[in-house]
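Number of protein chains: 2
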Amino acid sequence: MPSRQNLPLHSPAVSPAMPSSATMPLFARTPHLGEGSEAGFRNRIRDYFTSTFDRYESLFECLANEAAYYVKPIALRHPLIFYYGHTATFFVNKLLLTRMITARVNQRFESMFAVGVDEMSWDDLNDAHYEWPTPAEVKGYRDEVRALVLDLIEHAPLELPVTWSNPWWAIVMGIEHERIHLETSSVLIRQHKLEYVKHSSHWLPCTQSGTAPVNTLVKVAEGDVLLDKNKTDCWYGWDNEYGVHETCVSAFNTSRFLVSNQEFLDFVNAGGYLNHHNWEDEGKAWLTFTGARHPTFWVKKTRGWYLRLMTEEVAMPWDWPVEVNYHEAKAFCNWKKSETGLPVRLPTEDEWYRIYDESGLQAPQQTLANANIHLDHFASSCPVNRFAHGDFYDVAGNVWQWTETPVYPFDGFDVHPIYDDFTTPTFDERHNLIKGGSWISCGNEAQRSARYAFRRHFFQHAGFRYVVSEEVQSVPASHYETDKLLSEYAEFHYGDECFGVANFSKALVDLALTALANKPLQRALDIGCATGRASFELAKAFDHVTGIDFSARFIQLGAQLARGETLRYTLAEEGELVSYKSRSLQELALIDTAQKVEFFQGDACNLKEQFSGYDFILAANLIDRLYSPEKFLQQIHQRLNLGGILMIASPYTWLAEHTPREAWLGGFKKDGESFTTLDGLHHYLDAHYKRIAEPREVPFVIRETRRKFQHTLSEVTLWERIA
Amino acid sequence: MPSRQNLPLHSPAVSPAMPSSATMPLFARTPHLGEGSEAGFRNRIRDYFTSTFDRYESLFECLANEAAYYVKPIALRHPLIFYYGHTATFFVNKLLLTRMITARVNQRFESMFAVGVDEMSWDDLNDAHYEWPTPAEVKGYRDEVRALVLDLIEHAPLELPVTWSNPWWAIVMGIEHERIHLETSSVLIRQHKLEYVKHSSHWLPCTQSGTAPVNTLVKVAEGDVLLDKNKTDCWYGWDNEYGVHETCVSAFNTSRFLVSNQEFLDFVNAGGYLNHHNWEDEGKAWLTFTGARHPTFWVKKTRGWYLRLMTEEVAMPWDWPVEVNYHEAKAFCNWKKSETGLPVRLPTEDEWYRIYDESGLQAPQQTLANANIHLDHFASSCPVNRFAHGDFYDVAGNVWQWTETPVYPFDGFDVHPIYDDFTTPTFDERHNLIKGGSWISCGNEAQRSARYAFRRHFFQHAGFRYVVSEEVQSVPASHYETDKLLSEYAEFHYGDECFGVANFSKALVDLALTALANKPLQRALDIGCATGRASFELAKAFDHVTGIDFSARFIQLGAQLARGETLRYTLAEEGELVSYKSRSLQELALIDTAQKVEFFQGDACNLKEQFSGYDFILAANLIDRLYSPEKFLQQIHQRLNLGGILMIASPYTWLAEHTPREAWLGGFKKDGESFTTLDGLHHYLDAHYKRIAEPREVPFVIRETRRKFQHTLSEVTLWERIA
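Chains as they are written, first to last, in my numbering: chain Y, 14 to 736; chain L, 14 to 736.
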């Protein structure tokens, strides 16, 4: 591996962000990953890599001294020395995973520099765990990684295009990852005390400022939004961008400009930070905890308001966009709403796409962007009325724009195999999307499709525009069910076949429908429906299906599907490792059944009056989980029409934890002879039913981990009500 | 169904047991079940049934009043009213099981009369559970059952021969069952107080008695014993008679006569019941608990010793055989031993066969028996020197003879599907065989092959003869492993395939042997061998195999097989119902490997020095059950020869209950990336091994119940030691 020690730290390719940069090469754009020759591709990726790697290192020029590397700018984040090494280690880890390399570069450094962007716990940040190396040592390590990656870019086997499952994806992912950290590290530097930062000629802020324009509303017509990125797409994307999202957005009004410091000052002066009533609950808690009185980068001096930039404080540029977290933006909207009587709020993610699509904007091309983005202009914000996009300003660039929308997966979402925790930990309805990018957002970050999300109290170079709309936005479901039992059942009902065993619910319903030939198919009851698959399958034939289960948690999953939502759950793989899975009725060709199925919580041994008049009742894997199977069997005929059929399927796995020993239907010696559960069923059912056909065993498989399964045979009997 | 109310209670076919009976028809012998015409067979079975049913009813003539039906003769048994109904109910239950009938005769009676011969618990005998019917009601019920059975005998479809799996087996079983109760009820009547019994002209005891002959020893030469009854045999047998038993018995001496009351009196007079030192431990406990001072049917009156017969007490007939339980018989032998210095003991079951075979005796034929058996002569014992059989007397008949042998299953033993608890509950080494039959032993009981066993403290019409032999008898293994985990593993290793998945141990060894081609095959280690199947499989190729497991209980099963014994275990079927299973190395064609395998208890994380120098080490389903897999992996190369192979198979099912979370090899995020167990294996093994070939998954299935299985994939990796 050639030593890179002698490479100039800042190569001529670097385009420092400064107003005069128009004459300099642009900071490389995220490349198309399929076009042109192999050699052309290698060149393109090399440029993209080196420009990124260099630019990232140049950021650390803004640190004034060694202490700046080791003192944490904010408590919940690593010191900057970590981030200096982290982006290099990331390359190594991902290259190992796609097997482009087989050995580590520096085991010790790679253990130190591996973890930590969002949501770190206190334990992860225990300083005692680390004995940080010097910046020079880390630089040496970075040089080794740089050489390694350049060697791969030059020599590794390559098959174009490079898409989602190509091993080279790891290289592009490493570059895009470093671009994210270019931005987040710039925020940390901005949060550092002034004594730790210094001026750098490569990071020059905008010097222009003035009086802010008066904000006005612009109408956005009703329109469709479409996002549709698939795994063969030739532009790099993070996992959450993939899949299909299509919706129609009602007309709304939006502010022409981002909210400026000027506009926000009214809120501050109106006691916005003192009167808690404009704040949402979570915002109130944040406000109480931090005692904030104004935006975090605002500095109040005796001579007036100043604004903290990356390496300096400047007299408040009132026409620049205010930078706040979600809570502050939301409180402003609520205040504005009470002031104006208008339904002011933040835009949803979809409303932002509508604004973007209406504005005619495009992602940065190979010319200087008409937006304060991608380091094309400044190492800071600039006036909100500088970059017009159609009827709007700053649709993208300047600062990120908070939305009302917590990040959620599109239909068809899948984690990337080498980075399964990029988005999934944020599917908790506590991470809101920011859109549009800031002055330092580069590469993928500058795309319309980019979907970054942060906790609502987090600070980035982020502000907001507001909308006026009566439309109440619903929060898309993003939760992944992680409860072991629920997710096992979700997979059992809606997931993949194991060992070639057909879906159990479907197999039962197929059997039932054969037995029901020429019988009425109006109403069916699926008692003990669990997560409801059989209810939907029954609704293919029946006009109405009632699904009842004792567990409200089970039913919620079925109800979620019935609402047309996607069911998401994790699957245990090995130890604590999980995979992510989603299913919808659409995929299963069951969407047409949704409106015929109703789910209720209920007790099979004590059913409410309303559940009666059924032509068919299914009790699948139920009787050996009841506290009193006798009660169930003795009463259930009252709910079944004469001539109707009761289907019982059970492995007869009697366990004292579910059914007291004395309540078992069978599986013991009675009067000296083996008394099976089938004997017990006859005992309780023969008065009202005729058993039709011989019992048969239908197999089912419940997946516990990637390698461990319960494989069970359920005995199926059919009972026709005759009395 | 024709009413049987008008049938005479005692039909002319009944042959009362009395000395003058020589001119009366003999009590029907157990019939051949295959020969002759269908009509002839129906006649034969009808006679066998009616004579038995009648004779059983005639026994109750000996009861003096209604109270005699309801007062328990002994605390641990039902009152006689139960037994009066029980033999009829038994027919119904077994006929239902073979589907010769489909409905019960009397649900309430059949619930009352179903259970209870041996070893009842206090709960079963709770009087509150029963409201006994009157004897007349039971007689009415018996008549119904009689008519039912006769109707079947006349009209049911019949296919000859009637053997083990023929539905008609239920009828023959019912008859033989009633004959057993003929004897056991006669014992209960004998145990009743005199006020409850009365003389019956159909049950006349022997009136002959005198001075007992002096007992002498007769030599029995060394000889073979063979029992070999299979399921196509045309003579009825109980389950424990089936299978093969073949052995050679060393020469021994045995008493010419059964021990008479006279001979036993010496022991009583010598303080035999007062000095506990001649009693075995269990016998001592019985003696202390009961405070017995003499045989149970002996009555001490002021005018001397009397003997209780069925319905009267008579002056002690000193030349009749003494009737005792095993403990008393054994104490007598021990006393005799200390008196004579000779190795006196009871005969083993096999020694009894040798005596029988030498005596030239045959089971009762169609002429009057030359033995006090089958009710051919008396309703009591008779002098011990009345019936000579070759050099011996009373080889069969008069009273049963206790043996030293606890009942155990022959090779090939199987429970009968309609009576799975006839013998199995007695396979506990606490039930000793009695042989030879008594004066009332009829049908199957009178056969050489009959194998009845009772708890050692139990009383029947049973006494003993003794043998003198230095031969120490070993107790054949009879225990069925019922521990859930052990029996599941026994089946997993030695049982049947489920879902077409090949035997796991065998599959692993096959893979190993392919990898070991051209390598030395001297010594193999099976670490975590459990019940040892892979050890035996390895021994097909290796000269020596060591099997080590942490669980001594697992190893015992393997060691038992290695000794050539049969492994017996129960399989959970449904609820508490079980089936019975046995396996031997012979059946599995592994018997030749037995002497090459050694089992040890040991800790895989802390192996003793001696276990080293292996060419191959197998760790199957081990690593995720260790408390420190790291210790195991870091040390195991010391036990493997250079060039040798370590095979690791595991589903990587990490559970905190076996392995503390911090000791897992993988299955978690490490430095931000998924760290699999395979990564962990490389981490610990790469210093000493080269992994050969790609990992592959080998499935295995563990059966939990008839319908519930664990179906698991074990990842197999092979590691060649290189350093």
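There's no promise every hint is true.
Pairs count within a copy or across copies, as identical chains cannot be separated in the list.
Unchecked claim - Pairs of lysine-lysine, BS3-like flavour, derived with a Cα cap of 25 Å:
| no. | residue 1 | residue 2 |
| --- | --- | --- |
| 1 | K682 | K594 |
| 2 | K609 | K553 |
| 3 | K297 | K703 |
| 4 | K232 | K211 |
| 5 | K683 | K594 |
| 6 | K683 | K152 |
| 7 | K532 | K244 |
| 8 | K683 | K721 |
Hint data in this document are derived by calculation from the structure and do not stem from the laboratory.
Alpha-carbon proximity between K683 and K721, which holds within one copy, between copies, both or neither at 25 Å = between (36 Å within a copy, 23 Å between copies)
State whether the alpha carbon distance between K232 and K211 is at most 25 Å within one copy, between copies, both, or neither.
-> Intra 44 Å, inter 114 Å, cutoff 25 Å: neither.
Which holds for K683 with K594 at a C-alpha limit of 25 Å: within a copy, between copies, both or neither?
-> between (47 Å within a copy, 22 Å between copies)
25 Å Cα cut-off: does K532 pair with K244 within a copy, between copies, both or neither?
-> Neither way: K532 and K244 sit 47 Å apart in one copy and 48 Å across, limit 25 Å.
Up to 25 Å CA-CA - K703 versus K297, copy category = Result: close neither inside a copy nor across copies, 65 Å intra and 59 Å inter.
How would you label the pair K683, K152 (within, between, both, or neither) given a Cα cut-off of 25 Å?
-> between (80 Å within a copy, 24 Å between copies)
How would you label the pair K682, K594 (within, between, both, or neither) given a Cα cut-off of 25 Å?
-> So K682 and K594 pass the 25 Å test across copies only (19 Å; inside, 45 Å).
Taking 25 Å as the upper bound on the Cα-Cα distance, should K609 and K553 be classified as within, between, both, or neither?
-> within (9 Å within a copy, 63 Å between copies)
When held up to the earlier numbered hints, the structure conflicts with 3, 4, 7 and fits the remainder.
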